[in-house]
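Residue numbers for the sequence shown follow my numbering, so the first one is 25 and each next one is one higher.
Treat the hints with caution; some may be incorrect.
As the list claims (entries may be wrong) - Distance condition first, Cα-Cα at most 30 angstroms in a straight line; then the derived DSS-like pairs of lysine-lysine:
(1) K420 - K405
(2) K346 - K289
(3) K289 - K410
(4) K264 - K308
(5) K93 - K81
(6) K34 - K140
(7) K93 - K37
(8) K358 - K299
(9) K82 - K405
Claimed, not checked - Here are the computed distance ranges between Cβ atoms for each label pair:
(10) D273 - F344: 13 to 23 angstroms
(11) F35 - E414: 43 to 53 angstroms
(12) K201 - K242: 14 to 24 angstroms
I should point out that these hints are in silico values taken from the structure, not numbers from a laboratory. Positions of the beta carbon are idealized from the N, C-alpha and C atoms, including for glycine.
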Amino acid sequence: MAEWVDLPEKFKKDVVENLDLMSRFSMRNVSKSDREIVDSVDFYVPRVRYSVKTDGKKCLIMIYSGIEKFWRIEISENWKGNVVVKKTQDTYNLNEALTKEISGTSSILLSSSILKSLLIQESILIGTFELEHDNYDLIPQINVYDPISSVLGAKAGGWDNIFNAKKLLCNWMVHPKIIEFYRTLLFNSNTLEEIAHEGIALEPENMVPVKILENNTKYGNRLNIRRSDFWTAERPDENKHRMIPKFKDSDGYATCRLVSKMHFKLFDDQRFPIKRLNSKVLMKRITVPQNGVVARWNKSECGVWIHMMKMNNESKYHDFFKNETCGLRWLCEKCSDPFDYWYYRNLPRRVIDEAEWIDIAYRSCEKSPLPDEEDLNRNIKKLKDKFVLENESNPKPQKKGAESKSRGFGTSKNSNSFEGTLIGRLDGFSLKKGTLLVLVLVLVFAVLFELFFDVLSE
Numbered sequence: 025m026a027e028w029v030d031l032p033e034k035f036k037k038d039v040v041e042n043l044d045l046m047s048r049f050s051m052r053n054v055s056k057s058d059r060e061i062v063d064s065v066d067f068y069v070p071r072v073r074y075s076v077k078t079d080g081k082k083c084l085i086m087i088y089s090g091i092e093k094f095w096r097i098e099i100s101e102n103w104k105g106n107v108v109v110k111k112t113q114d115t116y117n118l119n120e121a122l123t124k125e126i127s128g129t130s131s132i133l134l135s136s137s138i139l140k141s142l143l144i145q146e147s148i149l150i151g152t153f154e155l156e157h158d159n160y161d162l163i164p165q166i167n168v169y170d171p172i173s174s175v176l177g178a179k180a181g182g183w184d185n186i187f188n189a190k191k192l193l194c195n196w197m198v199h200p201k202i203i204e205f206y207r208t209l210l211f212n213s214n215t216l217e218e219i220a221h222e223g224i225a226l227e228p229e230n231m232v233p234v235k236i237l238e239n240n241t242k243y244g245n246r247l248n249i250r251r252s253d254f255w256t257a258e259r260p261d262e263n264k265h266r267m268i269p270k271f272k273d274s275d276g277y278a279t280c281r282l283v284s285k286m287h288f289k290l291f292d293d294q295r296f297p298i299k300r301l302n303s304k305v306l307m308k309r310i311t312v313p314q315n316g317v318v319a320r321w322n323k324s325e326c327g328v329w330i331h332m333m334k335m336n337n338e339s340k341y342h343d344f345f346k347n348e349t350c351g352l353r354w355l356c357e358k359c360s361d362p363f364d365y366w367y368y369r370n371l372p373r374r375v376i377d378e379a380e381w382i383d384i385a386y387r388s389c390e391k392s393p394l395p396d397e398e399d400l401n402r403n404i405k406k407l408k409d410k411f412v413l414e415n416e417s418n419p420k421p422q423k424k425g426a427e428s429k430s431r432g433f434g435t436s437k438n439s440n441s442f443e444g445t446l447i448g449r450l451d452g453f454s455l456k457k458g459t460l461l462v463l464v465l466v467l468v469f470a471v472l473f474e475l476f477f478d479v480l481s482e
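Sequences are here, hints too, so could you generate the full structure?
Given below as structure tokens:
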């Protein structure tokens with residue numbers, strides 16, 4: 025019987041194309057030739073989320089592979105000074121976590137090493153890399169950045185030690201100077217298309233975002249800079265005065281995106297001529313010459329959105345406005361990417377799924393769009409109660425049959441499950457080829473089976 029090493033390269037690549045991220049990681053560490061095979065096959069990761077607490081002693085890595093599909097690694101330091109790693113797949117329930125205690129490192133160094141080992145490869149493209157801090161002061165963020173940059177980025181290992189990502193997204197507390205550090209030293213400028221700052225104002229009126237207020241501008245010829253505030257409350261009377269600060273000192277524009285069909289009446293109430301922009305969008309253009317401001321009200325079957333900007337900037341975005349067919353972005357189930365729609369729709373659920381990691385939620389402070397009297401904790405409590413009631417009324421169906429778990433991530437709640445997998449490898453374990461062989465044989469037979477039927481069909 026032919027062994028793995030005897031198989032043709034094309035066949036091996038076919039096998040690698042069927043591997044998930046964690047299994048790719050395991051296979052890369054079998055031999056140099058297997059590493060070269062894996063690295064020759066492109067792989068896409070929709071989203072990575074990296075959250076770091078102020079003191080750097082607690083970190084969270086979330087790697088998403090699809091809707092409700094993710095690997096979750098929570099890393100913290102215990103009273104003995106050791107690092108405790110808890111990892112789960114497709115669940116937030118830490119009672120189901122595989123747990124390991126590691127000495128001789130720190131949470132921030134280990135989490136950085138995990139990101140480096142898994143994601144810094146030329147063949148891997150990340151859709152969105154999300155970075156979260158829980159303190160908006162610059163000095164604590166610098167104290168966190170320094171150990172991260174000792175492992176990740178050009179400063180630590182040259183330009184081969186950077187992420188290939190299309191978007192760098194930071195929660196509202198990340199300081200602009202820190203964003204610039206990360207952008208220039210940790211990310212490939214040839215793949216990075218957008219930098220985004222995001223936050224969500226959690227209020228109990230709705231359990232999903234219903235409005236986005238944002239501003240967009242350009243950085244050079246290629247890079248888009250965006251700041252987005254998600255809202256779970258309508259508050260239509262506040263939109264105008266919240267939009268003006270977003271564009272008044274910018275050469276970009278501000279946008280209000282409204283998903284509810286009740287806002288069609290707002291569009292109709294604007295007593296200005298209607299212009300058809302394209303086959304799907306009607307527009308009303310409203311100018312305030314004395315202030316040099318223009319507002320473009322847009323309506324399609326998806327909803328209503330308003331662009332506001334200084335009049336002398338309008339022509340810069342003429343082509344974009346003319347060709348825009350849906351301006352709701354991730355609020356639109358019909359037009360947005362299914363994964364992005366699911367992800368943003370479920371942001372408020374963090375209050376119940378992972379209450380310790382909701383740093384994307386605005387707090388009452390001078391940097392927050394929420395009024396001072398708004399109490400985040402009170403809003404969270406009300407939202408939690410709503411989600412608990414929803415879960416009790418509409419429990420999720422139990423998954424039937426054995427769930428497919430990543431072989432390279434560990435599959436059982438015993439310490440040996442770390443051997444040869446992600447944390448095991450970083451903790452000094454060596455990969456057993458038998459672990460990979462089981463996976464490879466299954467995939468080999470699957471590919472052969474498919475080829476067999478292809479031949480029959482011809």
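Quick rundown of the hints versus the structure:
Pair hint K420 plus K405 holds up; C-alpha atoms about 22 angstroms apart against a cutoff of 30 angstroms. This hinted pair checks out: K346 and K289 have alpha carbons roughly 23 angstroms apart, not beyond 30 angstroms. Simply put, K289 and K410 have alpha-carbon atoms about 29 angstroms apart, close enough for the 30 angstroms limit, and the pair holds. Only pairs whose Cα atoms come within 30 angstroms are accepted, and K264 paired with K308 is accepted, the gap being roughly 16 angstroms.
Straight-line distance between C-alpha atoms of K93 and K81 comes to about 26 angstroms, which keeps the hinted pair within the 30 angstroms bound. Our distance criterion of 30 angstroms between C-alpha atoms is met by K34 and K140, whose separation comes to about 27 angstroms. With a C-alpha separation of about 24 angstroms, the suggested pairing of K93 with K37 holds against the 30 angstroms cut-off. Between the alpha carbons of K358 and K299 the distance comes to roughly 24 angstroms, so the proposed pair stays at or under 30 angstroms and holds.
Only pairs whose Cα atoms come within 30 angstroms are accepted, and K82 paired with K405 is accepted, the gap being roughly 24 angstroms. For the pair D273 and F344, the beta carbons lie near 21 angstroms from each other, so the given range of 13 to 23 angstroms is met. Checked against the given bound of 43 to 53 angstroms, the beta carbons of F35 and E414, roughly 48 angstroms apart, stay inside it. One distance hint, 14 to 24 angstroms for the beta-carbon pair K201 and K242, holds here, with the actual separation near 20 angstroms.
The structure shown violates none of the earlier numbered hints.
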